[in-house]
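Q: If you want the building blocks of each chain, they are given just below.
Number of protein chains: 4
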Amino acid sequence: MTTATTTHRQHFASDNYAGMCPNAARWFQQANGSGHEPAYGEDRWTQRVSDALRELFQTDCDVYFVFNGTAANSLALASLCQSYHSVICTSVAHVETDECGGPEFFSNGSKLMLTEASSAAGKLGKLTPDAVEQLVTKRSDIHYPKPKVVSLTQATELGTVYTVEEVRAIAAIAKRRHLKLHMDGARFANAVATLGCHPSDITWRAGVDVLCFGGTKNGLPVGEAVVFFDRDLSEDFAYRVKQAGQLASKMRFISAPWLGLLEDDTWLLNARHANAMATRLHTAIKAVPGVEVLHPPEANAVFAKLPAAAATALRAEGWRFYEFIAGGGCRFMCAWDTPEAAVDAFAADIRSACAAALTGR
Amino acid sequence: MTTATTTHRQHFASDNYAGMCPNAARWFQQANGSGHEPAYGEDRWTQRVSDALRELFQTDCDVYFVFNGTAANSLALASLCQSYHSVICTSVAHVETDECGGPEFFSNGSKLMLTEASSAAGKLGKLTPDAVEQLVTKRSDIHYPKPKVVSLTQATELGTVYTVEEVRAIAAIAKRRHLKLHMDGARFANAVATLGCHPSDITWRAGVDVLCFGGTKNGLPVGEAVVFFDRDLSEDFAYRVKQAGQLASKMRFISAPWLGLLEDDTWLLNARHANAMATRLHTAIKAVPGVEVLHPPEANAVFAKLPAAAATALRAEGWRFYEFIAGGGCRFMCAWDTPEAAVDAFAADIRSACAAALTGR
Amino acid sequence: MTTATTTHRQHFASDNYAGMCPNAARWFQQANGSGHEPAYGEDRWTQRVSDALRELFQTDCDVYFVFNGTAANSLALASLCQSYHSVICTSVAHVETDECGGPEFFSNGSKLMLTEASSAAGKLGKLTPDAVEQLVTKRSDIHYPKPKVVSLTQATELGTVYTVEEVRAIAAIAKRRHLKLHMDGARFANAVATLGCHPSDITWRAGVDVLCFGGTKNGLPVGEAVVFFDRDLSEDFAYRVKQAGQLASKMRFISAPWLGLLEDDTWLLNARHANAMATRLHTAIKAVPGVEVLHPPEANAVFAKLPAAAATALRAEGWRFYEFIAGGGCRFMCAWDTPEAAVDAFAADIRSACAAALTGR
Amino acid sequence: MTTATTTHRQHFASDNYAGMCPNAARWFQQANGSGHEPAYGEDRWTQRVSDALRELFQTDCDVYFVFNGTAANSLALASLCQSYHSVICTSVAHVETDECGGPEFFSNGSKLMLTEASSAAGKLGKLTPDAVEQLVTKRSDIHYPKPKVVSLTQATELGTVYTVEEVRAIAAIAKRRHLKLHMDGARFANAVATLGCHPSDITWRAGVDVLCFGGTKNGLPVGEAVVFFDRDLSEDFAYRVKQAGQLASKMRFISAPWLGLLEDDTWLLNARHANAMATRLHTAIKAVPGVEVLHPPEANAVFAKLPAAAATALRAEGWRFYEFIAGGGCRFMCAWDTPEAAVDAFAADIRSACAAALTGR
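Residue numbers (the working numbering), protein chains in the order written: chain Z, 1 to 361; chain S, 1 to 361; chain L, 1 to 361; chain W, 1 to 361.
Please keep in mind that the hints were generated in silico from the structure rather than gathered at the bench.
Just to be clear, a hint being listed does not mean it is correct.
As the list claims (entries may be wrong) - Listed next, the in silico BS3-like pairs over lysine-lysine satisfying Cα-Cα at most 27 Å (straight line): (1) S:123 <-> L:138; (2) Z:123 <-> W:286; (3) Z:123 <-> W:175; (4) L:305 <-> S:138; (5) W:138 <-> Z:305.
What the hints assert, rightly or not - What follows is a set of in silico ranges between Cβ atoms, one per label pair, in the way DEER data are often shown: (6) W:130 <-> Z:340: 45 to 51 Å; (7) S:233 <-> L:315: 39 to 45 Å; (8) S:30 <-> L:140: 40 to 46 Å.
Nothing here was measured: the structure is a model prediction, and the numbers come from that model.
Glycine residues also receive a C-beta, built at the ideal position from the N, C-alpha and C atoms.
Build the full structure now, drawing on both the sequences and the hints.
A: In structure tokens form, the structure reads like this:
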């Protein structure tokens, strides 16, 4: 067993256990230094970050800052559908499993239609054009909500990443069926880092209408950006944000840190590091007897089944991690600040715990 | 005219133009320094601040942290009434005039019933027991929403402060009519500073069921606390907060700065300073020809009518301030960090502008 | 005093105290006679009535049948605005005073913005272009819901009728301000009967986007029609109706009686009779000492102030009527079936009651 | 093939294809005969029916009349849970499959949690205590809606009937888990007819909190009753009904026909007849080659798989029926007025169609 104390230990539970990255912290401080600033986004940073995001995506998109991912996704979806419409997503989608009915609440009742978890794509947490087509053609009567949106998560909740071609294919079926395409990008940076593509390639150039660009897991203290590539869809969205309690009065503290993420490609560097740590962990444990990795990591998480006794032992040693959403396994999540040493220490403990579990000690 | 540049000028538009106070900033930094911390309030600060607030109020209240005042008020009200109920408040209440229908949205349709603005109390932005009684007895049929909550703002939107006796009297009629009592305390600290009472005296000891305790205007970067003195009313409120997109994942950044406000009575000192600056401004301009102060400031704002030309001239010089909610006048708002020099410079410019306006130059 | 018994007395409280008119009853019976019929509007009458309404209005409008006026108005308004929008109407509008927050509920929070009741038009229960303009230009910031709809009631809640020119003028300002125009036509037939115009003249030809055409007060047992003249606005409205619990399974019982109203201009004859009875009542009481008629009736109601003792005496004799919405007076409402004898008996009792009240007996 | 014309044919699609039963029609007529009557339930029938229902159930329950089943279920559920709660039901529950998201809309976002359709009970459309327990213990964190209600349908959507013991067992687990128990009784009469028990035995005596008692399918033209056995749960429910557009102004036309159902046990006789017709159809076709009856009918529907060509042929002959909810089979639904001759003709046509399909003609 390692001798690391459990205090201040880097955990593998969630990338939102991490703090603020230095660049974000610097801009946060700078925003405070200026004394009085107009509120509600009329400050000197908010416009600047919005422009920087437009530049990043190489298109004249509409940008709004909200407090967290549940709000970003829920408000985006609510702007794409009415209460009697439905949203197609996977059964492991964050909007389904971890937002406490936020999408239904903000839309005043829209239903989520879930694809089968047991298919090959489902096991990777992905939608496919066929799965979308199947759901959209399942019913056509007015006694069931009419599908209006496809929501995909990039990177997915199972640590995989849609290729550009996969997104394009889903966008094609969405367009043919008159569905809008929403991308939950809580870990969008991790996906771009993996794909090595331009951020526009995996979003509007591939057919995405609205992106919820995650800042929190990428190194911000608080805040996500909702990016409308189809600007017709963002009509009066500022009112929606305000009414929903998502307009920060001291907006500069939400927006300025984004400048820290965007300068010098910090967002990508943060994501690449997190991804590399997941790969490092995967490499270290994939051959460990008792460990069954579900699929190779494509972003910043490793999903693996461990002997129950091993998982229990690791927790007893102070490690924190989640049983993953679909049940029965473990999720090991790396962050922008996960040190190599923590990965190595955790891998060593996994090895010991599995050995002990298998030998029945 | 003063020679102050408009850049970095301290404004009198809103107390949310101010930044973070040093104590809040220190704790914010400290929260970041610790590396990984559990999310969603499981960190080491959130529990501590909650306990500190219970100690502050000398009662075992339930405490929840949300992102802003619209959310705090809307969620609190939604927990006190159903969609077919109504909320009694003044016509200048923030929940009515500045939350873009947030209370109606979060409650799924509750109506706000407004007291007359033209009464003596109305001109001071206050509810009275009689006004509440009048509204609650106006209708008793099912064709109009049933009154269920009284919402008062302390300090009020017109810069006045309810006395302990006034709150008690409203609470008495509320209790008799089976109404819950909500206090919008966006500037609660300013009211306590003015009254010199214990915070419990003006809240639960006076009959308040739920307080939205404003942190943002008091020196936080972001965040308000919803304090349930009647704990029966907060059943499952954590779910409500989560569903509504108001649960911070990196909660420590929202909660830790509250420790900065609470240590060494910083919240009170901040409020006292803001109040003092309003008094200083009032003293400086009340006798200026052309200036008609509406009522002496009791918190951190001065409400005054100025000659239209004077207001225009002041704006042209770079000063920012609001026309106040009820129309036709100006609101000059002071913050925790408003310097005496800024007050003096502003007062001087008001004097000059009024003189010029009256002489028709 | 008259000797009429209070049992089975025709009342003057509401036109929904009346039953079904013979033509409606005949078609209701006929619809039942056919045995099994497809549900949800696939029956042989629903399509036929929809076509008949299109013919009546001389345009290819979309028609939906719902159960009552609250639902008709609320669903129509919800289709015209989002939760962060507002609806401009008078302070006596049924949507404001008598639907228990239905519009706010169905729209998930839209606010009603009320015009002043004290203006000349306000006293007649009417909107004016100026009043609309004033409300729509009052605020332009995102902290208050954005006006999106004008809702007028035709005939009004105060028994007056908008002229074609008045509707056109309101429609013009609505169009210029990008507002949709909704007409609450709970007593639409009474208005058309008064104006003597073609139903299209006062609706789509005057700029109305959606009409809620009242059937209940005109002689149906249950049911109103929502008529979309701008068919773009009714996209997926059938889903909205279904989700909101307003789609009748045995639709024939809702739709078939409309054929009874539409055949031989029954709807107009019913309305003309009700209007004539109001005129008869007005003629009989306008000169009675103690009676102060507020304005001459233009539809099927008389609004008058009576000595308090007289109103009490009339109630004691078994007459039912409402104090009218704006307070302090009486509303005497006539229906399609109000007999002349009932009007005469009621007028006689009013005369006696006023005389007694004035002489203090 | 039979020679019956398709016109006026009795269908087997839905029991809401049937008209009004004679007793209901008689009372409907009688309600109209009386001239003016107070509105909104103040008439002479509504109170009487409410009392009659209390007598029927042998308890002092609260009774409300609404227009249809979607509204009855949605309003009842909304009164039992908040937006961040969830409702446990089967995957074939009408509230899930055929109300277009009504429950989510009226509750402002409550999620439905579905039991597995593939279990033995699932195949019969039933909940079990174990299935409820599994769902209620699945999650206990605030990131997923908290279970608050169990909703069962009696008779079920698959034509089966819960025994008294089965309801009691579900109620026991509900009580232990602090869940309210809702019964969708669109075909409650058919269930009581099958069980031969007292209506109280299968409702409040078994632990049901709220029953939606279906009138439409039992022979009414329009209308369902929401019956609260736990009167604490119906606080302000009248306001909820009004706001939701479910309060009939001419209430007598909704309530009076219920007197027709209740007199001389008409509701039971109607249900018994429908059930008997389903049994007759089952008997006639169960042994027909090609027909695979899924389970013996316990209420008024037969669920069976037919050769695809046979189903197509029957439709071509003018018979209407649904493919049943879970896919792949046919639902043959009998009504209070289905004649024996229609059953026999339909059975004969099924026999012919199957024979033709199997011989490939």
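Q: Can you tell me whether the CB distance of residue 30 (chain S) to residue 140 (chain L) sits inside 40 to 46 Å?
A: holds, 42 Å
Q: Going straight from one Cα to the other, do residue 123 (chain S) and residue 138 (chain L) come out at no more than 27 Å?
A: holds, 20 Å
Q: Please work out if residue 138 (chain W) and residue 305 (chain Z) have their alpha carbons no farther apart than 27 Å.
A: Holds: residue 138 (chain W) and residue 305 (chain Z) sit about 19 Å apart, inside 27 Å.
Q: Does the Cβ distance between residue 130 (chain W) and residue 340 (chain Z) fall inside 45 to 51 Å?
A: Given about 47 Å between the Cβ atoms, the range holds.
Q: Tell me if the beta carbons of residue 233 (chain S) and residue 315 (chain L) are separated by a distance inside 39 to 45 Å.
A: holds, 41 Å
Q: Decide if the proposed pair is consistent with the structure: residue 123 (chain Z) and residue 175 (chain W), CA atoms, cutoff 27 Å inclusive.
A: violated, 36 Å
Q: For the pair supplied as a hint, residue 123 (chain Z) and residue 286 (chain W), is the alpha-carbon distance within the 27 Å limit?
A: Status violated; Cα separation ~41 Å.
Q: For a C-alpha distance cap of 27 Å, please report whether residue 305 (chain L) and residue 138 (chain S) respect it.
A: Roughly 19 Å separates the two Cα atoms, so the pair holds.
Hints 2, 3 from the earlier list are contradicted by this structure; the remaining hints agree with it.
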